[in-house]
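*Asks:* Protein chains in written order, with the numbering used here: chain A, 1 to 448; chain B, 1 to 114.
Rather than coming from a laboratory, the hints here were simulated on the basis of the structure.
The reader is advised that the hints may include incorrect statements.
Label-pair distances were calculated between CB atoms; the ranges are [as the list claims (entries may be wrong)]:
1. Leu55/A x Glu104/B: 56 to 66 Å
2. Pro134/A x Arg45/B: 22 to 32 Å
3. Ser381/A x Glu104/B: 29 to 39 Å
4. Pro62/B x Thr126/A: 35 to 45 Å
5. Leu124/A x Lys2/B: 53 to 63 Å
6. Ala57/B x Gln105/A: 48 to 58 Å
7. Lys67/A x Lys2/B: 55 to 65 Å
8. Arg420/A x Lys2/B: 47 to 57 Å
9. Met1/B x Lys67/A: 54 to 64 Å
10. Lys47/B x Cys136/A: 23 to 33 Å
11. Ser337/A x Gly3/B: 55 to 65 Å
12. Pro62/B x Ala307/A: 50 to 60 Å
Think of the CB as a built atom: it goes at the ideal place given N, C-alpha and C, for glycine as much as any other residue.
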Amino acid sequence: MPNHTDILRIGTGAGFSSDRLDPAMELVEHGSLDAIIFECLGERTLAFAHRDMQLANGNGYNPLLVKRMNHLLPLCSRHNTCLITNMGAADPLAAAVRTSEIAAQCQLGHLNIAAVLGDDVTHLITPDVELIEPECTVAQIGRPMIGANAYLGSQSITPALTRGADVVITGRVADPSLFLAPMQAHFGWSNHDWQQLANGTVAGHLMECAAQVTGGYFADPGFKEVDELARVGFPIAEISPDGSVVITKLPTTGGRVDRQTVKEQLYYEVHDPSAYITPDVIADFSMVELDDQGNDRVMVCGAKGRARTETLKVTVAFDGGHLAEAEVSYAGPGALSRAQLAGEVINQRLDSVHGSVSERRIDLIGAASLHASAGKFSPDSKDIRLRCALRTPDPEEAANVLWEMEALLCCGPAGGAGYRGHITPSVLTYSALLERDRVKTTVEFIQI
Amino acid sequence: MKGRTSLRHIAHARAGDKGNRSNVGVFVYEPKHYSILIRQITPERLKSEFGNLVRGAVRCYPLPKVHGLNVVMDRALEGGVNESLNLDGHGKSWSFLILDLEVEINTDNLETKE
Numbered sequence: 001m002p003n004h005t006d007i008l009r010i011g012t013g014a015g016f017s018s019d020r021l022d023p024a025m026e027l028v029e030h031g032s033l034d035a036i037i038f039e040c041l042g043e044r045t046l047a048f049a050h051r052d053m054q055l056a057n058g059n060g061y062n063p064l065l066v067k068r069m070n071h072l073l074p075l076c077s078r079h080n081t082c083l084i085t086n087m088g089a090a091d092p093l094a095a096a097v098r099t100s101e102i103a104a105q106c107q108l109g110h111l112n113i114a115a116v117l118g119d120d121v122t123h124l125i126t127p128d129v130e131l132i133e134p135e136c137t138v139a140q141i142g143r144p145m146i147g148a149n150a151y152l153g154s155q156s157i158t159p160a161l162t163r164g165a166d167v168v169i170t171g172r173v174a175d176p177s178l179f180l181a182p183m184q185a186h187f188g189w190s191n192h193d194w195q196q197l198a199n200g201t202v203a204g205h206l207m208e209c210a211a212q213v214t215g216g217y218f219a220d221p222g223f224k225e226v227d228e229l230a231r232v233g234f235p236i237a238e239i240s241p242d243g244s245v246v247i248t249k250l251p252t253t254g255g256r257v258d259r260q261t262v263k264e265q266l267y268y269e270v271h272d273p274s275a276y277i278t279p280d281v282i283a284d285f286s287m288v289e290l291d292d293q294g295n296d297r298v299m300v301c302g303a304k305g306r307a308r309t310e311t312l313k314v315t316v317a318f319d320g321g322h323l324a325e326a327e328v329s330y331a332g333p334g335a336l337s338r339a340q341l342a343g344e345v346i347n348q349r350l351d352s353v354h355g356s357v358s359e360r361r362i363d364l365i366g367a368a369s370l371h372a373s374a375g376k377f378s379p380d381s382k383d384i385r386l387r388c389a390l391r392t393p394d395p396e397e398a399a400n401v402l403w404e405m406e407a408l409l410c411c412g413p414a415g416g417a418g419y420r421g422h423i424t425p426s427v428l429t430y431s432a433l434l435e436r437d438r439v440k441t442t443v444e445f446i447q448i
Numbered sequence: 001m002k003g004r005t006s007l008r009h010i011a012h013a014r015a016g017d018k019g020n021r022s023n024v025g026v027f028v029y030e031p032k033h034y035s036i037l038i039r040q041i042t043p044e045r046l047k048s049e050f051g052n053l054v055r056g057a058v059r060c061y062p063l064p065k066v067h068g069l070n071v072v073m074d075r076a077l078e079g080g081v082n083e084s085l086n087l088d089g090h091g092k093s094w095s096f097l098i099l100d101l102e103v104e105i106n107t108d109n110l111e112t113k114e
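Sequences and hints are given; from them, build the entire structure.
*Replies:* If you want it as structure tokens, here you go:
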């Protein structure tokens, strides 16, 4: 690792697959970072990467990989910043090879680029494997399996860092583990130092969604204000050797870091706060303390750690068929009753003319959509958008949804407008557990 | 004097998802409102308010160090992001559904910001 000082400075370059690029560039340019992490893989994005890889000329890695590497490799090289990312998605080796080609084009052939392999456990997921939820076997799902990936931990990455990697590209690694790896490599924390692994995991958890700790996903005008949200900065973690961390951001960027933003992110996607399970450790977040130091700096300490589990979580992806979604709008007086009538027409037509059998959903956007099932929202809107959604293995059944929704324009209630419809491939993901020792990981350096 | 106000006036919240389970971290702005949060936002109340949305168990974990409550709702996402036909498959809007709940409060000292 470069810049071997008492404080390790880690930045977040992306918090999800489609995250912005300019805040990452600004961070490497001005953040004096030892490492920058691009966390770009959700359950959904990985499943789609498996699908894409099966297509002719398809890639199994993040669609923004080339653009990000073109912009970031020269910056990271100039500032001695190590880049770690799960942008490899379903094919980390191909992503690393592609990255090395970009490095060569940028006259950066000296960069050591490594891929972490072994998260793809598709071969271990036999039809009799039990899923956690729903509680059934893989075979009982009754759909073709697309792929399965185990959540790897920090120690799948640390061997690459100790061997001098400048860029590490992985597939499925638990999000906080991407951040924990450079801490372990830098401070020499062992794989059984549960207390330090918990400290690092809290830091990684706070950092993994990028702007979500610096004022993104936060503003509520009149209640929670965020300065210059359009220029919200990505976070920096300053890690001390004792495992405490300060979360901050560049002063030139928009956003805010204070107790409120850090609190919200601390328990984001956490269930039992005393048992946050990662491949590395079971971390207790329940007694974490936040010290707001002002100037967009919050110190975080007080996590507790205990021994990791003997199993690794695996995401198993299945072919979900086709998702059809179509919308038509109604505006002005009577908008709601015309949209409701249109919905009834759609149901009747799909049932009786097309014999459509798959589960279907009708929404009245503007009156009852996101929480339509709560059924207690009284609408007075004069701008209602009817939406029909359906998922099916049969492409013709999907096409019929779009056809009938578009036909409302002439055959439906008065004033139907603004039809849009699309069919997208769908994947379903479920979880299973695998014994840790069945998942073997390796690091491969790319030779140009 | 006792009065009623929406939770949004005394607290902020963020929703997250994992599979078909939703969690909403709710945090009061003022420590003095912490007891209102943990006494009035209970699993029983959430089940009765949102019974049609939450098909599984609800658990509430008090977070005394940050004056918050972690609300965890099983089977609350109509199957989760990959399976739900809901536009909001992640359940990101759950936070504001909970902030819209009314709580009973002493109106003499209703302050909303930290």
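*Asks:* Now tell me if each hint is right for this structure.
*Replies:* For each hint, the structure was consulted:
At roughly 57 Å, the beta carbons of leucine 55/A and glutamate 104/B sit within the given window of 56 to 66 Å. Range check, proline 134/A to arginine 45/B: Cβ separation about 28 Å, and the 22 to 32 Å hint holds. Under the hint 29 to 39 Å, the C-beta atoms of serine 381/A and glutamate 104/B, about 31 Å apart, fit the expected range. Look at proline 62/B against threonine 126/A: about 43 Å separates their beta carbons, and that is inside 35 to 45 Å.
Separated by about 60 Å at the C-beta atoms, leucine 124/A and lysine 2/B satisfy the suggested range of 53 to 63 Å. The given range of 48 to 58 Å is respected by alanine 57/B and glutamine 105/A, whose C-beta atoms sit roughly 54 Å from each other. The hinted window of 55 to 65 Å between lysine 67/A and lysine 2/B holds, with their beta carbons roughly 57 Å apart. At roughly 49 Å, the beta-carbon separation of arginine 420/A and lysine 2/B lies within the given 47 to 57 Å, and the hint holds.
A hinted range of 54 to 64 Å holds for the C-beta pair methionine 1/B and lysine 67/A, which are about 59 Å apart. The hint said 23 to 33 Å for the Cβ distance between lysine 47/B and cysteine 136/A, and at roughly 26 Å that hint holds. A beta carbon spacing of about 37 Å between serine 337/A and glycine 3/B contradicts the range 55 to 65 Å that was offered as a hint. Distance hint check for proline 62/B and alanine 307/A: the Cβ-Cβ separation is about 26 Å, which falls outside the suggested range of 50 to 60 Å.
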